[in-house]
Amino acid sequence: MTENSRLERMLSGLLGYGVWLASLVIGAGLVIVLASTNAKGMRIANAGIGLLILLPISRLLLMLIVFLRDRDYHLALAATLVLSIILAGVVVGIRMAGALGG
Amino acid sequence: MMDARFTLWLFAVSVATSALGGMLGMASGIFIVPVLTIFGHVEIHRAIGASLISVIACSCGGAAPFLKSRLTNVRLAVVLEVATTLGAFTGVLLAGIVPVPYLFFLFAIILFVSAQQMFAKRRQLQAGAPDQGCPWATALNLHSSYPDRELARDVDYHVQQLPLGMALMYGAGLVSALLGIGSGVLKIPAMDTGMRLPIKVSSATSNFMIGVTAAASAAAYFMRGSIVPSVAAPVALGSFAGAVFGAHALIRVSSDKLRLFFVVVLVLLGIQMLLSSFGIHVS
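Keeping their order, the protein sequence lines are chains A and B. Okay, so the first sequence: first residue is 1 according to my numbering, each after it adds one. Okay, so the second sequence: first residue is 1 according to my numbering, each after it adds one.
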């Protein structure tokens, strides 16, 4: 129980601070775009979007580490499967980008 | 170059839908794509990509209070995510093949189902007795308890029909990747009715899961280069701002009038999406 609520505290910290960080990056990028119509701003906003997508993926990694440490192998397997499926999607995405010619 | 007025419009629309959705305890994702395509004339795949990013922002932004109050069942979430991400992966493979009119049509159906659900209101089913818990869920140690404020004590609950839940979650993940929504509309009945979770646990766990489900398809679309930052950035930022605002809003609206208003909005958007699927554009 205490172990479980420790995981929940870690997850809430990661997601809570992470979403603020990603939003600040996206916001900074947009302000630059609107203020100066600078292409660099859009790249910063895009990096913020990338950070946001990484956030749920990093919480899966955190869960995987905690489950492994607790020797909870069934749940560690579930987390590994989810991460593998996401990775497979990323590979398909890269291949599709190649097929579209960039 | 990017149009400043259009950026601000995207931002404002996202703040409004997210804040209003939050007051009713529903994800705003379902409004983003119809509003962007119907009123903003945004191409539907761009709107879907932007909506997925806003779903991630709302899921992560809303997760902390649920986790702190021990309403989220994180163990059950990660098991169900195997099915939702597999569904999302299938959706990514189908996304390029499904013709655009079909996407509008499917979206219209989801809007009508949402309207029906909102009209009918969620109700708590009789919780199952401990011996009715699903053996799979027992083996994985997924049963848990949550603090009930009214009873002022922890209430135990047992997860039921895990295989049925997994099958429905696969469908929810597929729809999420195809339409760019959180699919709460499909997840919540699966968890309330199928797995017999307490409503608060079901809402909190669904909110926690939609971030990973959306990230699975968003990561693939991002790598493919089909998430357009000029649309996605203002939408994501606006949705997050709206969610923060909605969570801190002093007015907790639960009136039946507002609910009815949303039912009407969902039906109207559904009709317009249905017309769009047949190539008829009113606005």
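Hints in this document: simulated from the structure, not taken from any laboratory. It is possible that part of the hints are untrue.
[Said to hold, decoys possible] DMTMM-like mimics (lysine to aspartate or glutamate), calculated; alpha carbons at most 20 Å apart, straight line:
1. K121/B to D3/B
2. K200/B to D148/B
3. K68/B to E8/A
4. K40/A to D3/B
5. K200/B to E8/A
Any of the earlier hints contradicted here, and which numbers? 1
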